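Undergrad: Given next are the chains, with one letter for each unit.
Number of protein chains: 2
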Amino acid sequence: MPHTYPLDAWCIRETSFDTASNFLDETLFALGNGYIGLRGTLEEGYGGPAGTSLDGSYLNGFYESEPITYPEAAFALAKTNQFMLNVPNAKGVSLWLEGERFDMLAGQVENYERKLDFRTGVLERSLVWTSPQGRRAAIRSRRLVSFANKHLFAIEFAVTPLNFSGKVEVLSSIDGAVKNQEAGDDPRVGSAVSGPALHLLGADLEPHYSALLQRTLNSGFMLVSAALTEVSVPHEQGAAQDGLRLEQIYMVPAQQDVEIRLTKFGSYYSSRDYAESELAARSRQTLQAAQAAGFEALVAEQAAYLADFWAQADVEIAGDDALQQGIRFNQFHLLQSVGRDGRTNISAKGVTGEGYEGHYFWDTEIYIFPFFLYNKPEIARKLLEYRYAGLPFARERARQMSHAKGALYPWRTIAGEECSAYFPAGTAQYHINADIAYSIKLYMEATGDESYLLQYGAEIVMETARIWTGIGSYNREGRFVINEVTGPDEYTALVNNNYYTNAMAQMHLNFAASIAEHLAAQQPEAFARIAAAVQLNANEPAEWRRAAQLMLLPYDETLKIHEQDDSFLSRKVWDFANTPKENYPLLLNYHPMVIYRHQVCKQADVVLALLLLSDQFTLEDKKRDFDYYEAVTTHDSSLSSCIFSIIASEVGYHDKAYEYFMETARLDLDDTHGNTHYGVHTAAMAGTWMGVAYGFAGMRVVEGEVRFAPTLPAQWQHYQFRIHLHGCLLQVRVSAGKTEYKLLHGDVLAFTHRGDRVEVTASSPVKELP
Amino acid sequence: MPHTYPLDAWCIRETSFDTASNFLDETLFALGNGYIGLRGTLEEGYGGPAGTSLDGSYLNGFYESEPITYPEAAFALAKTNQFMLNVPNAKGVSLWLEGERFDMLAGQVENYERKLDFRTGVLERSLVWTSPQGRRAAIRSRRLVSFANKHLFAIEFAVTPLNFSGKVEVLSSIDGAVKNQEAGDDPRVGSAVSGPALHLLGADLEPHYSALLQRTLNSGFMLVSAALTEVSVPHEQGAAQDGLRLEQIYMVPAQQDVEIRLTKFGSYYSSRDYAESELAARSRQTLQAAQAAGFEALVAEQAAYLADFWAQADVEIAGDDALQQGIRFNQFHLLQSVGRDGRTNISAKGVTGEGYEGHYFWDTEIYIFPFFLYNKPEIARKLLEYRYAGLPFARERARQMSHAKGALYPWRTIAGEECSAYFPAGTAQYHINADIAYSIKLYMEATGDESYLLQYGAEIVMETARIWTGIGSYNREGRFVINEVTGPDEYTALVNNNYYTNAMAQMHLNFAASIAEHLAAQQPEAFARIAAAVQLNANEPAEWRRAAQLMLLPYDETLKIHEQDDSFLSRKVWDFANTPKENYPLLLNYHPMVIYRHQVCKQADVVLALLLLSDQFTLEDKKRDFDYYEAVTTHDSSLSSCIFSIIASEVGYHDKAYEYFMETARLDLDDTHGNTHYGVHTAAMAGTWMGVAYGFAGMRVVEGEVRFAPTLPAQWQHYQFRIHLHGCLLQVRVSAGKTEYKLLHGDVLAFTHRGDRVEVTASSPVKELP
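Same order as they appear, the protein sequences are chains A and B. First residue of the first sequence: 1, per the numbering used here; consecutive thereafter. First residue of the second sequence: 1, per the numbering used here; consecutive thereafter.
If you're looking for bench data, these hints aren't it; they were derived computationally from the structure.
Distance condition first, Cα-Cα at most 27 Å in a straight line; then the derived BS3-like pairs of lysine-lysine: (1) B:Lys581 with A:Lys405; (2) B:Lys581 with B:Lys656; (3) A:Lys581 with B:Lys79; (4) B:Lys738 with B:Lys623; (5) A:Lys79 with B:Lys581; (6) B:Lys79 with B:Lys179; (7) B:Lys623 with B:Lys560; (8) B:Lys376 with B:Lys742; (9) B:Lys405 with A:Lys572; (10) B:Lys656 with B:Lys572; (11) A:Lys79 with B:Lys79; (12) A:Lys767 with A:Lys738; (13) B:Lys405 with A:Lys581; (14) B:Lys767 with B:Lys376; (15) A:Lys656 with A:Lys572; (16) A:Lys405 with A:Lys79; (17) A:Lys656 with A:Lys560; (18) B:Lys572 with B:Lys623; (19) B:Lys572 with A:Lys405.
In this text the structure is predicted, and so the values were computed from the model without any measurement.
Generate the whole structure from the sequences, applying the supplied hints.
TA: Structure, rendered in structure tokens:
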């Protein structure tokens, strides 16, 4: 596969503009700060063929809701969808050279370059344009979405006439006449709403300042989209409103070879964050402060933020430029995508596109959380706080699902309500509860942050554990069974005793009991408060222990593998040999029931349990399970390859580990799933990091103990990453024949290396081991 | 429970008009002829409270289609719904007495009676009305929907002024401004279309003659609704059109004590039956012919048709008037509901309401077919011809479901395409294929009609049998398994090896192989033609035999019962003790997944197999299965009680047999499911007949051999029914201590009575046995 961009280590860059790749490029060049997301579309707009662009601007967690209409209703099906809105396009800057409109697809473009540097966080474009009538101008733009202020973005747009002097017009716009993509046959894309969702409340239009005030109809949020512009040379100025479009117009008597620079500071403020009455004033203050600081100050602030980020998070790979670029690209986009205010999370596509409607899934806890936990633990905590904010909704959902006690988290949501409109691959995935508990356990083990446990974690873990004793029951042999659920593999649905679910539920039940026992003994007052809050019955922890102890974990004695569910092996193996390549992903080419009927997996299921519950399996188990399930897995889900890479590493399939890793690391850059134009795959992006740390470096955390067992892919000279652990920062560098552990921050840290205990301290920070 | 109407043996009758029961009465007093269905609404209209009436007129098989929109799409989900349309109301006759409009809810009503006699097929109403201003008049109406001509209905509406002479106006209308019910939370009722579905093409409005020409938007059918009226006394006449409403107006200078009689002949003709260009002329001809014959001639014709029907079909019960009324009511409605033109079938609610949208289900083959087979075999054949007409659609559906060969019948449909919008309780019910094959087998065994087999049956049975080898596979123990299907019980979905499905598939596969073997040996030319038509591979019959032989039929050795599916017994038993009465039916109060997770059945599943495949079980088997499944069955489906009644009879639970029978026999008359206002339950109606013949009389047909083992419920003095068999008509009369078999028609008939062979002949037609 040819790579989309040159293999630069720290950026993506293109030197020709191509309508065929434009839709994809818009995603890859997207900017975000965990709140605002601006697709990498052109400031001046794009007039290419239909279906080659989506000019989207998004705000993480800002949604419209709509009733879900089922052709055949049933009790307690999710009633309301929430979808991330395409908000007004405030990026617009257009340009006329003596009446000729600048358009990348008209005239002639030379010396074109577009570049997104992961160290600067600035999207830059430069070119020389010759108009159809022969006017030449140098044009460049810079754009950033501020990491320092989640409401702010800024654009610098500059033009220099090269062969003329005359009237140049620069127009800065906010365009509210936008709408979301409509749903088609692909269940992974689009909302049911057609037409604009934001209704005009009013507009402020002053010299240099524009603000559009809007409201969503159903979710009832108010939004202010605002911009403040300035131009570097003498000009005449005007402003205009055309329906939902606000324009600031600058007419410049331009001189040949003198640059005209328009700077635009933009902001979005919504009533999800502040009182409605404050939004307009906050917008103005933010923009004025930004203008006072100036564009260059924002650029510097952005670079400083990223320098700090990379100092912690950079994964260095020597020996494969494609991977090096891929993994940095992925981590950069993760940072751009993740909500960090405790009210928002990270959606399946970040803030880069409308795939999966901006919903949050288990992807966060199982795929993305470890990256932030070990690299930006303060963001990891915010992700967990988000789940606490959703606890009331999860309790309510549990009641709807006839659970007398406990909380059931939604399979997909923005604000906390269940939004999955197809329950067999939605609500049925009860493992979401255990996934969240697992992330809390991981967080506690890595940070020891008891304040989180007392304030939020204990309540979540206990409330969610109760669902297992609610849904499960003891079978005739006295084993605890969990029926009628769907595991991670969405090509098998509504099964009994999904291995992953049962094993994770067992972990969850034991964890909940441990918390109750620990708090009862160590923090009796806090325990009394929490127990009262959840109306904990005194015998519940014992019930949890008992269910965990008697949990049925399907195992096939003949094949000596863990069976994905009670009936998985009695299904017919999918006829892979006679399935043409174009029939993948299967979900777009076969009725769900046809897929469910067969042994065929969309993604890691048992194999994921091998990673998450690593110490419960022998290496032989892992090898047999890997062998069996690899043969029946299509990896039609982007969540699959990274997990297979990790387990392949562990069982010694180094070539496979490398191939699966490669697929994950460049999944979006090379668009291997063919749908990156709808947004990046944040879970796979984070899976790349896991592929290095968990995969090649063999990192596992078992009951708080960190273990490494590094291997070095033959293609690499070395690799290096860092992890935050117990307040320390540890650098791990693996090269031929040796691993160097270096304590970059903190007093003392202990872990194991290939089973041997290692300790690094501030006074003796480096250990080099074979 | 108080009975709705007095317990007349041959009619339903009411003597007071009640808005509270009106919605239900409209269903019970509905008239139909298997094509036209007119709800029992008042000619003059009804102004009672909202939700107490639905003025529906339906044509069996006449439908509009609409796209099915899923909130989350998937491949090969049913794309288009078809729903039986509410067609123009052509029944309207309204009346003004010197300007005062006749209204049952105004003024005063005396001497009221409404009556539907099952021997006349005429709905009669009579009353004396005193207007608010004191005008008294005797009013009576008669209405019939002709059994002799499926396009025709007629109304006689008469008024006699009792205390005044003066201006009386009688107005006859056709009102096209009607629409279907909209869908709400109950998945069993309503369509997604709101507003009128029939668009006006034109109207004929002549003195005495009105015709409305309309077209459906999506299905593209043309419909002509027409009426011809006459009035018996001197009058002035006018006609008017108001949008979709046509009126014939009669102004009569009325004399006290002189009856004014309006006679209205109405018809519906659609392009589903004839060329569009013929519809108007056919309407006119039919109405003119009816007028020429006169209303009394239609009444006589109707009575003659019914006399013939009852001579064959009457079931006499001495000792329980409620049951006697119930079973005759049911049989009368079955006759009114069943399509008999080979293009239409019998819908779940007949033509009496919009529940289940006029769709045809397996109800036809498994519940309703036996009644017609043994009472009106010519109609039974038409029902089977309907399935042949649907074979091309079933082939196409099989391709969509990734079956390379064969045909898969839709779970619900009107014209042949799959219309089920919730596949776990729709398309997943693959047993529909075996159900159809079963009815063909039953038909062949009862009639020996080889012409049907050659022309239609063999092709259907072989094409549908192929689906089993397509969907099934051999498991590791070499047993043939059928995974991921739903059996009859809709409270358990998407299971492996549903007992009913597997056992019926086994029967089906063997039947298909037998047909192939029989035809190959006996009818080589016909066989060659059919084999070529279905591209039969020479080894397919042997494959069918092998799959049938190795079919997995779940059996639990501990409980010694047939397990409903592979995992049924490992589910938790529903907590019936703590389920309040108002939480039934469960489907309206619990998420499907909650229901699926438990051992709880909506209806007979294994227990139905005990009936259909009777000879495959010992009596002990049947008793244990009955005991086990009765304890976990809610009978939330109206298809359940009749089957439990039959098996209860067989295993000697006579009290239970009687109770279940009672529930079935008066299910609609007593509205025990609380939804008869949306239409009668045709399957339960036919289940009543099975309850007598299969239940109390112990009738079974095993490989063509008819067996009886009669019992007499203690509450009865005797019962009697008749069956058509091999061209003979046999009367079975069971009374205390004896059974009398009487050959009413035919030469010779052999069967068994409690295991002993009996033969009746034309010369010795009666056998009385203990």
